[in-house]
Each structure stands twice: as C-alpha cells, then as structure tokens.
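*Asks:* Listed here are the chains, written in short residue letters.
Number of protein chains: 2
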Amino acid sequence: MIVISVEKYLPFWNELDESMKKLLDGAVKEIHIEKGTVISDGQTKCTGLIIVIKGQLRAYLMSEEGREITLYRLKDGDMCLFTASCMMNGIRFDVTVEAAADTQAYLIPAEAYKKVSEKSAAAANYTGSVMASRFSDVMWLVDQLINKKLDSRLAALLIEESGLAGGNVLTVTHEELGNHLGSVREVITRMLRYFQSEGIVRLTRGRIEITDFEKLKQIAS
Amino acid sequence: MIVISVEKYLPFWNELDESMKKLLDGAVKEIHIEKGTVISDGQTKCTGLIIVIKGQLRAYLMSEEGREITLYRLKDGDMCLFTASCMMNGIRFDVTVEAAADTQAYLIPAEAYKKVSEKSAAAANYTGSVMASRFSDVMWLVDQLINKKLDSRLAALLIEESGLAGGNVLTVTHEELGNHLGSVREVITRMLRYFQSEGIVRLTRGRIEITDFEKLKQIAS
Numbered sequence: 001m002i003v004i005s006v007e008k009y010l011p012f013w014n015e016l017d018e019s020m021k022k023l024l025d026g027a028v029k030e031i032h033i034e035k036g037t038v039i040s041d042g043q044t045k046c047t048g049l050i051i052v053i054k055g056q057l058r059a060y061l062m063s064e065e066g067r068e069i070t071l072y073r074l075k076d077g078d079m080c081l082f083t084a085s086c087m088m089n090g091i092r093f094d095v096t097v098e099a100a101a102d103t104q105a106y107l108i109p110a111e112a113y114k115k116v117s118e119k120s121a122a123a124a125n126y127t128g129s130v131m132a133s134r135f136s137d138v139m140w141l142v143d144q145l146i147n148k149k150l151d152s153r154l155a156a157l158l159i160e161e162s163g164l165a166g167g168n169v170l171t172v173t174h175e176e177l178g179n180h181l182g183s184v185r186e187v188i189t190r191m192l193r194y195f196q197s198e199g200i201v202r203l204t205r206g207r208i209e210i211t212d213f214e215k216l217k218q219i220a221s
Numbered sequence: 001m002i003v004i005s006v007e008k009y010l011p012f013w014n015e016l017d018e019s020m021k022k023l024l025d026g027a028v029k030e031i032h033i034e035k036g037t038v039i040s041d042g043q044t045k046c047t048g049l050i051i052v053i054k055g056q057l058r059a060y061l062m063s064e065e066g067r068e069i070t071l072y073r074l075k076d077g078d079m080c081l082f083t084a085s086c087m088m089n090g091i092r093f094d095v096t097v098e099a100a101a102d103t104q105a106y107l108i109p110a111e112a113y114k115k116v117s118e119k120s121a122a123a124a125n126y127t128g129s130v131m132a133s134r135f136s137d138v139m140w141l142v143d144q145l146i147n148k149k150l151d152s153r154l155a156a157l158l159i160e161e162s163g164l165a166g167g168n169v170l171t172v173t174h175e176e177l178g179n180h181l182g183s184v185r186e187v188i189t190r191m192l193r194y195f196q197s198e199g200i201v202r203l204t205r206g207r208i209e210i211t212d213f214e215k216l217k218q219i220a221s
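Chains as they are written, first to last, in the numbering used here: chain A, 1 to 221; chain B, 1 to 221.
Just so you know, the hints here were simulated from the structure itself, not pulled from any lab data. Just to be clear, a hint being listed does not mean it is correct.
The list treats identical chains as interchangeable, and a pair is accepted whether it falls inside one copy or across any two copies.
[Claimed, not checked] List time: in silico SDA-like cross-link candidates among lysine to any residue, alpha-carbon distance up to 20 Å:
(1) LYS75 / ASN89
(2) LYS149 / LEU61
(3) LYS75 / GLU111
(4) LYS217 / LEU16
(5) LYS75 / ARG92
(6) LYS29 / ILE69
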C-alpha cells in the first residue's frame, strides 16, 4: 500500500473535520505522468486536481499559428486547478496542461474536492488563492503582450551584450539592463526568470549565462 | 435611513448565519460613484468589494504608450473583487477600475467581507466563482492578443462591408463574417459584443450598426 501524505500539500488540512479528511484520503491517488503527456486540453474529461509532488507541469495556450504560449509552470507543491475546471463555476476557457518533466503527483478527483470545498471555507479560500496566483501569472503575461515587447527587446539586448562579451556569459547587472531598456531592475529580473524557466538563460549570482541562443533569437525577432 | 438590500446581490446570503448577516449588514454602505472616477489604481488603499446596483465599472490596464486595454466591464449585479485585492491572497497585479457611467453601488469593506469568507464556504466559493469569471474574461483577451488579431481583421471587414452597403447599417450575418475571416459564428458574435460594449457597434436582430467609425478604424489599423 502506498502511504498517502497529501495533507502536507493542503494547507487547510488541519481545519477539515474527520469525515472530510477521510473523504479526501479515500479519493486521492498517487500518479506518475510521463514527460510530454498532455493531461488536459479542454477536450479531455475533468481529470481532477493535481498536486505536483516532484516534477513540472506546464500550462499553455496554442496560438493559431501553432506557437505555444506558456501561461505558467507548476512545480513541487503546486496545485493545478484547470485539470478540474469542470468543478469550477465561472471558468469559460481551456488551457493545455502538459508534463514538462516526468512528474509524480497526487490526483484528487474533482467530485471529492468539490464536496470538501462546499463544506470547508478554508478549502474554498485556498482554492481561491491558488486561482488568484495563476490569474496573476496570466496578468503578467498580458502586461508583456500589450506593453513594449520587453521580452524581444531584452532578448535583443542580451544577444548584443554577448557579442560585446565575446561569449555566452554576461556579467551585466539587471539594473544596467533595465537602464538600457528604460525599465527597472525588478521588471528585468522577472523577465530573466521567465527566460530561465523557458531554458533560455541560467541565472547565477552576478551572471547571466545564455543557454539557448536559438530561442533567444526567435524572441528577439 | 437607506434601506440596504445587499442580500439580493449575494447568492450566498441565505447560507450565512445570523451573526454573519449582521456583520455584513452593519458594514455595507451604499455609494454613488461619478462617471470617470478612478476607484482603484493599485496605489489607492484597499477600498473594499463593490457591487454595482446600477451603472458600469470598467477595469483596464494602461499600456506604456498610454493605450487603455479594457479587461472587463461590470454591470448591474456584478461584483468587483479587485478593489479589495489586499484581502485576497495570491493577487500580485494591479488594474485600474473606473466608473464608466454614473454608478450606484454597495461597498462592502474588505475586512468585513474577509471575516465572512473565512467562516462561510458558500461565500468563499462565490468569491472564487467571481474571480473565475474575471479570469475567463482576461483569458479571452489573451487569446485575442496572441491570435491572429481577429479584432483588427473584423474591424477592417466591417469598414469594407459598410462601403459595400453604402452606409453604417450592415445586414451581413455573423456566420458570413466568420466565413470571410476563417472563423466561426460564435467567435465573431463574441467579438462583435466586445465591440458593442466599447460603443463601436450596436447589434440588433439581423443587423450590425456601426456607431463609432473612428474607433473602428483605429482597431483596423
């Protein structure tokens, strides 16, 4: 028998009464998702809530030209709501959720989670805060889309800097990059982290290492 | 004394216990917001939840070129969460909320609503569904931003059609427009409704009346 310890991933666990705990305990399954598997694409039935134990899920939209736009990534401890969007009132969109790495996860069937949310304010509020966090990720993306294409300008600047540095390791600070682009350090750092999560750069103390020139060029153009 | 009847705007009212009802009843205020007033812009303190009784609120982002991007509009009965984003865990973005018309509304101070949400699963779930609905509005916008600029193509097509019709009233069907643009009726209807909410067209049975050529041209270009 697998020892299920979903409670450590659910901050509201201790506020549940015994019957709710039992309901979740009996419903949750540990699953393994192979890298590249599409878990949810809007056509698939309502799988349930997925909590990443180890690995990574990526939620994206597909543009009509076939470009994948990453909305957010879920890492260890994160909960994926949109594989259970059937249980959520008000959701009228589909995203594709794919395993970006071999992923070990808990699956909580939508029905069980819904029952718990209906009784427990703590569970419902937690669901709300997870949604708010994903909403914030998407709003950041919207800001990028409508604003001055900071992604492509930063990508172009990094390519230029690597030419100046004569290699793929840059020692320019985030603040200096911001000054070049008429932006502030925080915004540059956030964008660089996005690049890092896309495997384009690696950030270490005081350094930016370009790890995927091809992608960087695509973004710059 | 004003007769407060906020309960008819809160679907979870009947599931609240008496103390919670009293708390809300004592905290809620009826307010009047003049057209053009900015209620929330990320700098302002946490005003509270606003329920539109009559009027209209508009939430938008400002691009760096100064273009306002409407995220969604709130009409009679709708609740605005983002004027109370301080009380919501996970929200890391700011939108500007402005009265798009003279608006009569209920204001529920954030603290009171938070207390109710913490105790009532029904209230917390309702908040979640309102957020999901706004999230869906924004996802629709993202889809527009990353996809084939349907807005500008439709705008250009409407201008062309008005040329053919020799006036501002078009009798072309949404399906025909969709066929022209390689899209489907539902998508065209949704976009036309967005144009309508922006005051650009007026939709009546079997007709599309262009009411703001200037805006339409801006979108087309």
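*Asks:* Taking the hints in turn, state whether each one holds.
*Replies:* Hints, verified against the model:
1. LYS75 / ASN89: This pair counts as between: shortest inter-copy Cα distance 19 Å, intra-copy 25 Å.
2. LYS149 / LEU61: So LYS149 and LEU61 pass the 20 Å test inside a copy (18 Å) and across (15 Å) alike.
3. LYS75 / GLU111: Neither way: LYS75 and GLU111 sit 24 Å apart in one copy and 32 Å across, limit 20 Å.
4. LYS217 / LEU16: neither (51 Å within a copy, 56 Å between copies)
5. LYS75 / ARG92: between (25 Å within a copy, 19 Å between copies)
6. LYS29 / ILE69: neither (30 Å within a copy, 43 Å between copies)
Of the numbered hints listed earlier, those contradicted by the structure are 3, 4, 6.
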